[in-house]
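S.K.: Each chain, letter by letter, is given below.
Number of protein chains: 2
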Amino acid sequence: MADIGTETIDTGKSATGDPLLVFMPSGRRGYFPKGTPILAAARQLGVDIDSVCGGRGICGRCQVVVSEGEFAKLGVTSDTHHLSDFSSVEQRYADKRGLKPGRRLSCQAVLLGDLVIDVPADSQVHKQVVRKRAEMREIILDPVIKLHYVEVREPDMHDPTGDLQRLEEALKNQWSLEGLDCDVRAIQGLQQALRKGEWKVTVAVHMGKQITAVWPGFQEKIYGFAVDVGSTTIAGHLCDLQTGEVVASSGLMNPQIRFGEDLMSRVSYVMMNPGGDQDMTRAVREALNDLAQAVAREAGCTVEDILECTFVGNPIMHHLLLGINPIELGWAPFALATDGPVQIWASEIDLKVHPNARIYVLPCIAGHVGADTAGVILSETPYESDEMTLIVDVGTNAEIVLGNKNRLVAASSPTGPAFEGAQISCGQRAAPGAIERVRIDRETLEPRFKVIGCDLWSDHPDFAKQTEAFGVTGVCGSGIIEALAEMFLSGILTQDGVIDGAMAAKSPRIQAEGRTFLYLLHDGQPQLKITQNDIRAIQLAKAALYAGARLLMDKLGIEKVDRITLAGAFGSHIDVKYAMVLGMIPDCDLAKVTSAGNAAGTGARIALLNRGARDEIARVVKQVEKIETAVEAKFQEHFIEAMALPHKTSPYPHLAKAVKLPEPKLAAQPDGTGEDGGRRRNRRRG
Amino acid sequence: MADIGTETIDTGKSATGDPLLVFMPSGRRGYFPKGTPILAAARQLGVDIDSVCGGRGICGRCQVVVSEGEFAKLGVTSDTHHLSDFSSVEQRYADKRGLKPGRRLSCQAVLLGDLVIDVPADSQVHKQVVRKRAEMREIILDPVIKLHYVEVREPDMHDPTGDLQRLEEALKNQWSLEGLDCDVRAIQGLQQALRKGEWKVTVAVHMGKQITAVWPGFQEKIYGFAVDVGSTTIAGHLCDLQTGEVVASSGLMNPQIRFGEDLMSRVSYVMMNPGGDQDMTRAVREALNDLAQAVAREAGCTVEDILECTFVGNPIMHHLLLGINPIELGWAPFALATDGPVQIWASEIDLKVHPNARIYVLPCIAGHVGADTAGVILSETPYESDEMTLIVDVGTNAEIVLGNKNRLVAASSPTGPAFEGAQISCGQRAAPGAIERVRIDRETLEPRFKVIGCDLWSDHPDFAKQTEAFGVTGVCGSGIIEALAEMFLSGILTQDGVIDGAMAAKSPRIQAEGRTFLYLLHDGQPQLKITQNDIRAIQLAKAALYAGARLLMDKLGIEKVDRITLAGAFGSHIDVKYAMVLGMIPDCDLAKVTSAGNAAGTGARIALLNRGARDEIARVVKQVEKIETAVEAKFQEHFIEAMALPHKTSPYPHLAKAVKLPEPKLAAQPDGTGEDGGRRRNRRRG
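Chains as they are written, first to last, in my numbering: chain P, 25 to 710; chain R, 25 to 710.
Just chain P, same shape as in the assembly (with noise of 0.2 Å):
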């Protein structure tokens, strides 16, 4: 054997006269006799190169790149001409797939004298997945599912093995997997594949244990299907399970919605209906086939080609989606029928993919808080961090997650849907036409605002042309989240939420409306008018979120937090500045309250792609501390201070440093009395 230098930089020579070889980004480096090929050298050092079709130069993965010039650093003089010339099985490679300039096979081309080679990123195993947001801790591909091409001995009459332990042997001989176990539907195909591949085949092997299917020849493509099952839409991405990128996305409308909006509404279906679990089960199941059409077709490839799928959800999902009665959620004790991360078959949930496809869910943290927090702890990792992170992913109900690497601790709130435009008076689904952003002028306290769909404010002279093809209809969760606080910034509404009706004198927009005041919004038709009801609403949903996060607070024993991350599609859209002004979060630097956009589907991502994250993430879940708000007494408490705006008694000195906030007053009321007398009468509404 070569003597075989360390990673450590050495300028010495080989005493046998043996070539350098250096592998860059790694800086692993041996010197190796003429002749030895690249990526057996690579193998020897533990440079990580990718292969499938172990050194037949036909899957194409081990690409590598010379890097010429002398490097004084690594005491090596690198020379393309150091590097075997293109050889016929390359060419074959590059005329059939395509190969870039200066791009070679690491299997084919030989070492002749020193060289520094470069590893590119895609030619890794275990490749980095780019994410959007750079904060995020990177992810790893190392998906369940791998591809290994072997050639199989052919049968031998006189010494008769069946062809499956023929497969075996040359995986193990092959690729050093050993003690395998095949699915039946695998062996089924197995001896036509072998035929017909002339006992050329590839394999997929889950968890490095199970081989669940055999492709004649050379398989080159496999896919994985992450979804988050919501209870409004399902969202799916396709992923290539061999570069971890994703393909194809797309996503649908919850078909349960037809037996409940909301997901108390679907268990009390289930409540009144026998069976009705079943009918919802069928219908998300259903859906989901559709979904992995859709995206399969997106991407050009068919469903039979999705080896493997994650899902996550919150528990009434959860429960649907296996086909577990979810009855159980609906009332206390709101057990889970199970709160482990469940591995079985697609076929158990009637997913028609590939027919050996595995799915993995998510485990659920407590009967109010599901897979789809555990996908959002896994997409964010708080577990990993130093500072104080609360994490708030709002929905119908909000789910809270708080903490640091010492400890992490997890709530559910019943914000109800008025965050979503459900439950205001003038409130839509964010679709065009919706109202998104608003701005009040502080003098004249005139609106201005964005809809959904074009990009100019509502005073430029185009407005009115660009949007006349949907006009002006409602006002969607964010917008209903900035008009308020925009109203609280200009004086219209009290810290207490009532709409000042001294400032009517200022405004015509601020109207009388039986003992109550509201504000025009928009003059149009419809007429979108902000009434004190909608007021009520918001702060009863803001409010809850609050309270649920201050009792994890108080849990934790902290006064502030570090870092605010909203998750979740509604995270997204609205302004933190304006969450903040509501209070529907505690007082933060505003710099570190960001959007974290679908957290939980990026954690079925991340689960799909890294096999690591599934113990990773059901380690971390059963050490998540489950508080339950609706039995903690203080909760009512934090929740009646938390109708204030931002909040009665809570400091906000981050925000008052980014936002003029206005001095408390009281509201005069249409009957002429103070702010008092309205206070009382929302007290006895509460």
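Please keep in mind that the hints were generated in silico from the structure rather than gathered at the bench. Some hints could be false.
One copy or two, either will do: identical chains are not told apart, so a pair holds if it fits within one copy or between any two.
Claimed, not checked - Taking lysine to aspartate or glutamate pairs in the DMTMM-like style, the calculated list, with each CA pair at most 20 Å apart, reads:
| # | residue 1 | residue 2 |
| --- | --- | --- |
| 1 | K489 | D479 |
| 2 | K233 | D639 |
| 3 | K233 | D205 |
| 4 | K681 | D599 |
| 5 | K646 | E202 |
| 6 | K646 | D183 |
| 7 | K196 | D183 |
| 8 | K601 | D613 |
| 9 | K684 | D465 |
| 10 | K579 | D183 |
| 11 | K429 | D578 |
| 12 | K646 | D205 |
| 13 | K646 | D180 |
| 14 | K196 | E178 |
| 15 | K579 | D410 |
With the hints as your guide, set chain R onto chain P.
M.R.: For chain R alone, kept in the frame of chain P given last:
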């Protein structure tokens, strides 16, 4: 803790004055404080006493009996009054389920003074299952599925854990079962079972690892189903997995017969009809469902009570059962898809038993030696014997196994269906009216016979009356064997298998037919004649069988075998002496030639009842040396020599002692030539 004695006899007294407790038949003994439950003491001493309910007086499996009297050898005086009085729990059990006089529940009865306690066989966990044949090794009950009764902690909102996790906690605390997985279909029914059982459930655990079923309250019975899938008949036994007893047996025709009578014609069907394999797979699976229904009905249970199934069958039946196209088994090199055991869900072969039931299919050995032979080996355990044992499973093909604890060889021999009465002019399947026994008077050459369905010989005056309903319709396999053997012993047949025309002078039953003679076995309606062609068919079959056995003897370098076992339904019906007269099997002490009945099916039953047997047969099968008769040059040579009766060259010393073998002679031919001419003619035919 008490001063615990050892298993050795110790007449000394306990230092603390604790009573002495001796368990029989194990002899294990120890001193325990008064008030110790007998079951608890047994656990400490490692005495094998069963319990499903964990000492709650529910299951009644821990029954013991007091042995009263003075036991000088044991040094103890045992008195019924040294055991606590019948408790209310025992009374409740006795009232509800019955308790034999003298029986006590060892979990309830406590020690009050010196006692000798007898543990009946039916109270042991690892009971011995009774087998009909005394020489067989015992089956120790240790099925893959075990029942455990547990009490589960109720859910708590303050400590939200899944119902499954609390069930697992109970299994860990109450049964020391850890690291369990759970089938998703068991999770689906879990919450309801726990609540219906008021947090007391019985759990079925597979291999100590997998929760496969959960029943509310105490579940007493679960069943296993062992099936031999033959080409002609499918036979199944339903076993009580708590006792090991066969509670129902049933059989039916393999419906694949409509695609082809024998194996090769079924493979041909697949070759000529694409998709034909799926038709046959569907057919056999439907039959299995019918069979499961039939045995469940007979046992008074439902198919959902069947939690485990085991299967044996020849390679083609094995492949078709598992949905594997058997086409590769139809041509050289006869490659099996797999030669390993297969363990999958029953649902994967569309078997409608318990939704989480598993099936285990014993391993095949080679392309012509199947899981049925593995079953025979497991049942007959030649690998544990010092004696050189020849096992012959006679069907359409004959599977032959030879060896002892040092070495095992196996082969298949193409006997064809002649032994089953096919290819014989007067042949028929074993059914009422078929001749199964034949005797020929050595002087008069007059035959007498017995037919299936009547116990009388044909020369009995009542024979005609008793067979009136079905008549005398043909000759079945065992009848052919006896007819030929008797024809040989009475001089009608020469050792070369030629009907001696000279004997026509002695009896009108020997009649010329063209250039050969025939023997008129029965002059009725129809006439039953044994023709020269019939004799040739049997000669070819028996020569193939003998040649296969001889080939294996060559491999092991032996000239004689110590024991011969005839397996299969056919083996049960033939008289081994006549089989030896024809030279179907090598010479052997007739006392050591036995029939094992359906040993393949017994092997399936062993694998059902004892989990260790599965590892055992998988290990043994790997060690079996497989001989492919078709490519062994010596096979043809052995075959030709074996055409003679009993054999051209091999002496039959044991047989000669038991039977008066005729002197060799030449046959007179219709054209007046001697035997040589006949032989030459036959050789031309070969």
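S.K.: It remains to establish, for every hint, whether it holds in the given structure.
M.R.: Now the hints, each set against the structure:
| no. | hint | result |
| --- | --- | --- |
| 1 | K489 <-> D479 | within (12 Å within a copy, 106 Å between copies) |
| 2 | K233 <-> D639 | both (16 Å within a copy, 19 Å between copies) |
| 3 | K233 <-> D205 | both (6 Å within a copy, 17 Å between copies) |
| 4 | K681 <-> D599 | within (17 Å within a copy, 106 Å between copies) |
| 5 | K646 <-> E202 | between (32 Å within a copy, 17 Å between copies) |
| 6 | K646 <-> D183 | between (51 Å within a copy, 12 Å between copies) |
| 7 | K196 <-> D183 | within (19 Å within a copy, 46 Å between copies) |
| 8 | K601 <-> D613 | within (10 Å within a copy, 99 Å between copies) |
| 9 | K684 <-> D465 | within (14 Å within a copy, 125 Å between copies) |
| 10 | K579 <-> D183 | between (68 Å within a copy, 15 Å between copies) |
| 11 | K429 <-> D578 | within (18 Å within a copy, 72 Å between copies) |
| 12 | K646 <-> D205 | between (30 Å within a copy, 16 Å between copies) |
| 13 | K646 <-> D180 | between (52 Å within a copy, 16 Å between copies) |
| 14 | K196 <-> E178 | within (16 Å within a copy, 48 Å between copies) |
| 15 | K579 <-> D410 | within (18 Å within a copy, 73 Å between copies) |
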